[in-house]
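The whole structure should be built from the sequences, with the hints applied where relevant.
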Amino acid sequence: MDARERLIVGLDVPTIGEAEKLVSTLGDDILFYKIGYQLVFAGGLEFARDLAASGKKIFLDMKLLDIDNTVASGVENIAKMGMSMLTLHAYPKAMKAAVEAAAGSGLCLLGVTVLTSMDAEDLADAGYSQDPHSLVLRRAGQARAAGMGGIVCSAAEAAEVREIVGPDMAIVTPGIRPTGSDHGDQKRVMTPFDALKAGATHLVVARPIVKAPDPRDAARAVLNEMVGALWPANR
Numbered sequence: 001m002d003a004r005e006r007l008i009v010g011l012d013v014p015t016i017g018e019a020e021k022l023v024s025t026l027g028d029d030i031l032f033y034k035i036g037y038q039l040v041f042a043g044g045l046e047f048a049r050d051l052a053a054s055g056k057k058i059f060l061d062m063k064l065l066d067i068d069n070t071v072a073s074g075v076e077n078i079a080k081m082g083m084s085m086l087t088l089h090a091y092p093k094a095m096k097a098a099v100e101a102a103a104g105s106g107l108c109l110l111g112v113t114v115l116t117s118m119d120a121e122d123l124a125d126a127g128y129s130q131d132p133h134s135l136v137l138r139r140a141g142q143a144r145a146a147g148m149g150g151i152v153c154s155a156a157e158a159a160e161v162r163e164i165v166g167p168d169m170a171i172v173t174p175g176i177r178p179t180g181s182d183h184g185d186q187k188r189v190m191t192p193f194d195a196l197k198a199g200a201t202h203l204v205v206a207r208p209i210v211k212a213p214d215p216r217d218a219a220r221a222v223l224n225e226m227v228g229a230l231w232p233a234n235r
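Note that the UniProt record's numbering numbers the sequence shown so that position 232 is 232, with each residue one more than the last.
Calculated lysine-lysine pairs in the BS3-like style (CA-CA distance at most 27 Å, straight line):
1) Lys56 - Lys80
2) Lys197 - Lys211
3) Lys96 - Lys63
4) Lys63 - Lys211
5) Lys197 - Lys56
6) Lys80 - Lys63
Using C-beta positions, here's what the derived DEER-type ranges look like:
7) Tyr37 - His133: 24 to 34 Å
8) Ala53 - Gly104: 19 to 29 Å
9) Pro213 - Lys80: 37 to 47 Å
Hints are computed from structural coordinates only; laboratory data are not their basis.
We treat Cβ as the ideally placed atom computed from N, Cα and C, and that holds for glycine.
Right, here's the structure in full:
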């Protein structure tokens with residue numbers, strides 16, 4: 001995969017009109033888009049279908065978690081929509097149900113380990129006794145055992161996650177901030193270059209591109225950082 005197949009731009013905007021404008025602005029530079037809650041609840045599912053039909057790849061970020069039958073039913077329908085990736089929380093039963101439902105569809109299921117906006121204090125407040133690092137590694141092992149297609153984790157954990165999941169699973173890392181950019185509410189972040197060097201296969205970038213004065217220039221800057229990590233001489 002080249003850099004354009006590895007960069008996923010998060011369409012974290014409130015309306016379909018804004019999403020359409022952004023996709024038009026980015027043009028052929030961007031092949032892969034993430035659609036999450038904000039846009040889904042503004043008509044984003046039909047928009048996702050349309051983008052997929054136009055040849056774009058879509059990462060549907062729904063972070064599913066429910067009883068087994070409900071998860072399976074949802075995954076079955078999402079698999080028919082032409083989506084490329086789908087997230088669910090990396091709970092063993094939910095992952096097992098999703099994998100069975102997606103069998104043969106080509107949909108890559110991603111287990112969300114620990115949100116990159118959460119640190120040890122946040123996990124303790126939520127009732128977890130483990131620190132973020134330990135919980136990420138535990139869930140990575142559970143995702144591999146369940147037959148998931150990949151993992152969502154901070155780039156800071158990517159190298160150790162790769163050791164656990166092996167060479168074939170995708171590692172998708174949000175919390176990516178280009179060199180010199182503001183971290184916002186993300187607490188565990190990394191540059192595009194360093195994330196790929198750490199073992200990530202795909203990088204999710206939203207605000208540094210979406211909120212930039214010139215989104216296309218911002219996207220190209222991220223792609224250039226990624227090329228620096230992917231070029232054989234830099235490996």
